[in-house]
Amino acid sequence: MANILEIKNLNKKFGGVIATKYLNLSILVGELHAIIGPNGAGKTTLISQIFGQIFPDSGQIFFQGTNVTRVPEYKKSRLGINRTFQITSVMKSLTVSENIQLATDTARENSFNFFTASNNQTTILKKIDFCLRQVGLIKAINQPVKSLSHGDCRKLEIAMALASDAQLLLLDEPMAGLGPTETNEMIALLKRLKGQQTILLIEHDMDAVFALADQISVLVSGEIIATGKPDSIRRNPKIQSAYLGGI
Amino acid sequence: MQFIRSFKFLILVSLLVLPIVFHQIGMSFYLDLATRLCILAIAAVGLNLILGYGGMISFGHAAYLGLGAYAVGIPAHHWLYGGLDFLATNNGFIHITIAVVISGLFAFLTGLICLKTKGVYFIMITMAFSQMAYYLFVSIEEYGSDDGLVINTRSEIPLINLDDPIQMFLVSFSSLIFFMWLVHLITKSNFGLILSGIKDNEARMVSLGYNVYLHKLIAFVFSGIICGFAGVLLGNFTTFISPEMIDWSRSGELMFMVILGGVATVMGPLFGAIVFVILEEVLSSITIYWHLPFGLLLIAVVLFFRGGLSSLLSK
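Chains as they are written, first to last, in our numbering: chain F, 1 to 247; chain B, 1 to 315.
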C-alpha cells in the first residue's frame with residue numbers, strides 16, 4: 001500500500017523550545033495511526049504543521065506524493081486533508097445541519113451563489129443525513145449547536161470532517177473532556193470509521209488508542225522515539241519508562 | 001407566528017398608506033418624514049448585511065450615503081453651471097451608475113485594508129476612512145466645502161418625476177422593499193450561510209477551506225453599494241448635500257438603527273429606522289437635549305433586549 005502522508009526531517013522551534021525535531025513519519029492509506037506522548041510533546045504542533053496552520057522551520061510534508069509543506073490551511077481541506085480541534089470548534093449559532101453543510105465541498109464550490117436558497121439541494125441533504133447517521137446525531141439535525149452537549153459537539157466535529165470527503169483526517173484528542181459513556185461511544189464511532197478513512201489520531205486515552213490504532217508512534221519532546229504495532233509499543237521497555245509509567 | 005407575520009405586514013402597509021393619506025389631507029410633513037425614514041432604512045439594511053449577518057462592525061457607512069448623494073449633486077451641478085462636460089448630466093440612471101461604481105470602489109479599496117483588521121481596530125479604521133471622505137468634500141470649494149452643495153435639479157428618470165413628493169416617496173418605499181428582499185435572498189443563499197459561519201467562527205471557516213477574506217470583502221462591497229444607492233435617494237430628497245452627512249456621528253446613527261431594530265433580521269433595520277426617525281422628531285420637539293433620552297434608550301435596548309425590537313416580536 002502507498003503512503004498517503006509522508007513527513008521527512010521536520011523541524012519546528014518556538015524560541016528556545018523545540019516542538020518538532022527531525023521528525024519522520026509515514027502513514028499508509030486506510031490505516032489508523034495514533035500518536036501518543038506526554039503533555040507538551042508537540043502533538044498538536046505536528047497536526048498544525050501538517051494542516052498548514054503553522055509552517056515548519058525545515059523539512060518536508062508530502063501528501064499523496066505532492067509536497068504540501070507550505071500550502072496554507074484553507075487550501076489543505078481542498079486537497080483532501082481535514083482536522084478536528086482539541087478544543088471544540090464549531091459554529092455555535094448555526095444548526096447542526098448548517099454546520100455539516102458548511103463542511104461539504106458542494107457548499108465551498110458554490111460559495112459565490114448569492115441568490116439561490118442554500119437549503120434545498122438534494123445532494124447536500126443526503127450528505128448531511130449520511131454523516132449524521134454515521135455519528136449518531138441524526139435526531140439533532142435541526143437543533144442549534146449551542147443546545148448540544150459537549151459530547152455531541154465532539155461528534156459533530158467528526159461528522160463535519162466526514163462531510164468534507166477528506167482522504168486524511170487529523171483528529172486532535174476527540175475524547176478530550178468526555179465522560180466514560182461518551183468515550184465508549186466515540187471509540188465505537190472511530191472503529192466504524194476505521195478502514196473507510198485514513199486517520200491520524202492524537203489521544204491521551206490509552207485504552208482508546210490501544211483499542212483503535214493500527215500503528216502507534218510515541219512522541220517525546222518533539223521526537224518520535226518509537227513506531228510500531230500496539231503490541232510492540234506496549235512491550236517496549238523504553239516507552240514504558242518514558243511514558244506509560246511501567247505498566 | 002401568524003400574528004407576528006401579520007403585524008409585520010401591517011407595519012409595511014401603514015408605512016405605505018398613512019404618509020400618502022396625511023399628504024392628501026394637507027399634512028405633507030409626514031410624507032417627508034416617511035421618505036426620509038425609507039431612505040435611512042435602506043442604508044440600515046445595507047449596513048445590517050455586514051454588521052448583523054457578517055459581524056463586521058463598520059463605523060463608516062455614512063460615507064456611502066454621502067458618496068451617493070454627491071454622485072447626484074456633482075453631475076447636476078455641472079449640468080446646470082458648466083464645467084467637466086463628461087460628468088455633466090441630470091440623467092438618473094447615470095447618477096445611479098456613478099453612485100454604485102464609486103461606492104463599490106470605495107468599499108473595495110477601503111475593505112482591502114480594513115478587513116485585514118478585526119474588532120475595535122476594524123471599527124476605528126472604517127471610521128478613519130469615512131472621515132477621509134468627509135475631509136475630502138470639506139476641502140473641495142467648487143462643491144461648496146463645508147457649506148454643502150445645493151442640488152438644484154433632481155435626477156431625471158423616464159416616467160417618474162422625483163419633484164413630486166408622492167412619487168419620491170413611492171420610489172424610496174419600493175427601493176426599500178427591493179433591498180430588504182435582496183438582502184433576505186443573499187442571507188438565505190449559500191453565500192449567506194458562509195457569511196454567518198464566518199461571523200460565528202472565522203478560524204474554523206478557514207480550516208474548512210473558505211477564503212474568508214474574499215467573502216467578507218464581497219459582503220462589504222455589497223453593503224457599500226446599497227448605502228450608495230440610498231445616498232442617491234437622499235440627495236434627490238433633500239436636494240442638498242454637505243460633508244456633515246458623512247460625519248462619523250451619522251455612521252453612528254445608522255448603527256443605532258440596526259442595533260435598536262435587531263441585528264441579522266430582515267425587518268430589524270426598518271423597525272430601527274422607524275423608531276429612530278419618530279423618536280428624533282418627538283424628542284427634539286420637547287427638548288434640544290434630545291440626544292440624552294435617546295442614548296439612555298439605546299443603553300436600555302442593549303442591556304435588556306439583546307436582539308433589539310425584533311426579538312420582542314419573536315418572543
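These are computed hints drawn from the structure, not numbers from a lab.
The model shown is predicted, which means the values in this text are computed figures rather than measured ones.
For each residue, glycine too, the CB sits at the ideal point set by N, CA and C.
Honestly, I wouldn't trust all of these hints.
Computed, partial: chain F to chain B, Cβ under 7 Å [unchecked claim]:
#	residue
1	Tyr74
2	Ala117
3	Thr122
Evaluation of the provided hints:
For the restraint placing Tyr74 (chain F) at the interface with chain B, the shortest Cβ-Cβ distance is roughly 5 Å, inside the 7 Å limit, so the hint holds. Checking Ala117 (chain F) against chain B: minimum C-beta separation of about 5 Å stays under 7 Å; hint holds. Checking Thr122 (chain F) against chain B by beta carbon gives a least distance of about 15 Å; that is not within 7 Å, so the hint is violated.
The structure does not agree with numbered hint 3 stated previously, though it agrees with all others.
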